[in-house]
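For what it's worth, my numbering labels the leading residue of the sequence shown as 1362, then goes sequentially.
Keep in mind that a hint or two might mislead.
[Stated by the list, open to error] Using C-beta positions, here's what the derived DEER-type ranges look like: (1) GLY1788 - ASN1513: 31 to 37 Å; (2) LEU1798 - GLU1666: 18 to 24 Å; (3) GLU1761 - GLN1436: 15 to 21 Å; (4) HIS1451 - GLU1773: 45 to 51 Å; (5) GLN1485 - ASP1790: 30 to 36 Å; (6) ASP1743 - GLN1436: 55 to 61 Å; (7) LEU1782 - GLN1485: 23 to 29 Å; (8) GLU1761 - ALA1554: 41 to 47 Å; (9) ASN1405 - GLN1436: 34 to 40 Å.
[As the list claims (entries may be wrong)] Quick list of in silico lysine to any residue cross-link-like pairs, SDA-like style, CA-CA up to 20 Å: (10) LYS1399 - ALA1617; (11) LYS1827 - GLU1573; (12) LYS1847 - LEU1791; (13) LYS1847 - LYS1882; (14) LYS1403 - ARG1518; (15) LYS1847 - LYS1824; (16) LYS1824 - LEU1519; (17) LYS1847 - ARG1775; (18) LYS1827 - ALA1617; (19) LYS1786 - MET1804; (20) LYS1403 - LEU1538; (21) LYS1847 - ARG1776; (22) LYS1399 - GLU1576; (23) LYS1882 - PRO1565; (24) LYS1641 - ARG1776; (25) LYS1641 - GLN1579.
The set of hints was computed from the structure by calculation and includes no laboratory data.
C-beta atoms are modelled at their ideal positions from N, C-alpha and C, and glycine is treated no differently.
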Amino acid sequence: MSMDPETPPVLVIRDPERPLHLKSRPLLRIGLAQGLQKIDFKVNGPFRLENLDGHTVHASNGSELRWRARCQQTQSAQYHTSVLVDSFHHEPQALALARRLLDQGYDAWIRCIGMPVHFENGVQHNALRFRVLVGRFENESQAADVQTLLNNDWRPRLVREKTAEPTGRVEYLDAELSQHQEVERGLRLVPGAPDGLISLFQLPTLKGEQDEYLEDRQYSGVIEFRVDNGGMLSVINEIHIDRYLKGVLPAELDPAFPLEAQKAQAVVSRSNVLCMLGLKHMNDPFDFCAFAHCQCYSGTTREQELSSNAVLETSGEVMVWNEQVCDGVSTVCCGGHSESKENIWSTPPQDVLSGRMDVMGSAQKRNGLDLSSESVFREWVDSPPDVLCDLRRSDLGVLEDWSRRYFRWREELRRQDLEELIRRKTGVDLGTLFEILPISRGMSGRLKELELIGSRRNLRLQKELKIREALAPTALFSSAFWVESKGSEAGVPTSFVFHGAGRGHGLGLCQLGAAAMALSKQTYDKILLHYFPGVRLMPFYTLRPESVEHNA
């Protein structure tokens, strides 16, 4: 890139500031599904159908019939693609990087995302991010070429920004075809009673890591059907935060876990919501999706009394660190050592989310293991020390089962199957796979980078999730693994065995470790201080008495 004699001013694009003032529980919009051709639904009482402007287009005192929503005459959204170089909490840092890129001849600019959040206790959370981007390309391949140029100095990725909204109509009809109408852009389904429930039939959901399956589910609140960005049908649930969390906890944490562990997870999940408002799904008409990308959410279908009590008993409570809402993250099983935030998401380090051994008290401070070392890590996996999330030798039913499955695990794949998986998931044909080489590990031993050695070419994989997804039919439980080559055909392995520890990215709350602490009579606040050292618990909104019975 050529150097310009004078650096032009940095373009900073901001949406009109829309601070969120929370005097009660926030109302959330959760994306349940996208890309549908149709969806069938039913309401257990009176309801009305509204257009997106709130005008009633149909009212019913109740119907035993199934109804259907489907799209008609649609057109997809339009986008441009940019290269995201880095993201910052503060504008001066973003400006400095943008000017540096401009000096190097790149078309750098800044996009401010998120929103300031003001809570009723006087705390203000700066949920703003300043993204440094390069270019606005109509052609994604052009953006990919620039991304390649920036790969040596940063970890850039491609992002899309919507330039034109999708168009089309949503049609609703009953099973007898006696009621039907088309409505521009979308339709809102509003129950007529506070305890009204909406059934959605054959809704696509995710099971395990990525496998999709269909399930009938029930939801409270409002359901919205609208034309999505791909010109298909999307389904959105509008719901108060605590009712949302009642549907999150049983999906994120087995209801058999002790109450204090459930309460810790409730605070973590609530903190995540309030920390990330306005920072996800920026091209979509909802705040969060119902999958692991945000938090798993199953509506009222799997609500459990213990999980719901955990939400109500902690209502409004959020973790605060450094005068900001702490990013609430959790992992099923850290494997005995948590990971540091910067090693997973390429963000600045934070003491509250730094890796540590999963033991209590002074033993944690004495931990001197360097799990980024290959020899130390292998010994750690093969001969693990006594840590909280190792419940394999206990008689604890579900908790023992989870620990046996995830604390230490083994996965063997035939070489030919692995070669095909890599080709399908990365688009790269390695030829014959000779070796899988670790390049760098984080504090917990989770791989940050590895290299695949093939007969036609080599391939480097970066970031723990991409590594996990590329090497298994769905995804490996974690990137904390070492690889054993087995067998030999003319010096070529016949299979590869992955010896691993833990499930998930390893950040924040270890759910199995939290269960172990709860069984040791530790309360949820002590559990949270163990996994998020230095946080304070603060009530950020109150639950109004009149809303407890049906909507809490």
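Now the hints, each set against the structure:
1. GLY1788 - ASN1513: 31 to 37 Å: Check failed, 21 Å falls outside 31 to 37 Å.
2. LEU1798 - GLU1666: 18 to 24 Å: violated (50 Å)
3. GLU1761 - GLN1436: 15 to 21 Å: violated (54 Å)
4. HIS1451 - GLU1773: 45 to 51 Å: holds (48 Å)
5. GLN1485 - ASP1790: 30 to 36 Å: Taking Cβ atoms as reference, GLN1485 and ASP1790 lie about 52 Å apart, which means the hint is violated.
6. ASP1743 - GLN1436: 55 to 61 Å: 57 Å Cβ-Cβ, so the 55 to 61 Å window holds.
7. LEU1782 - GLN1485: 23 to 29 Å: violated (47 Å)
8. GLU1761 - ALA1554: 41 to 47 Å: holds (43 Å)
9. ASN1405 - GLN1436: 34 to 40 Å: Hint holds: Cβ distance 35 Å, inside 34 to 40 Å.
10. LYS1399 - ALA1617: Given pair LYS1399, ALA1617 is violated - Cα atoms ~36 Å apart, limit 20 Å.
11. LYS1827 - GLU1573: Holds - the C-alpha atoms of GLU1573 and LYS1827 are around 19 Å apart, at most 20 Å.
12. LYS1847 - LEU1791: holds (19 Å)
13. LYS1847 - LYS1882: violated (45 Å)
14. LYS1403 - ARG1518: Given that 20 Å is the threshold and the Cα spacing comes to 42 Å, the pair is violated.
15. LYS1847 - LYS1824: violated (26 Å)
16. LYS1824 - LEU1519: Measuring from Cα to Cα gives roughly 15 Å; hence the hint holds.
17. LYS1847 - ARG1775: holds (9 Å)
18. LYS1827 - ALA1617: Not satisfied, since the Cα-Cα distance of roughly 31 Å exceeds 20 Å.
19. LYS1786 - MET1804: violated (27 Å)
20. LYS1403 - LEU1538: holds (15 Å)
21. LYS1847 - ARG1776: holds (9 Å)
22. LYS1399 - GLU1576: holds (14 Å)
23. LYS1882 - PRO1565: Distance ~39 Å between LYS1882 and PRO1565 Cα, so the pair is violated.
24. LYS1641 - ARG1776: Violated: LYS1641 and ARG1776 sit about 37 Å apart, past 20 Å.
25. LYS1641 - GLN1579: violated (25 Å)
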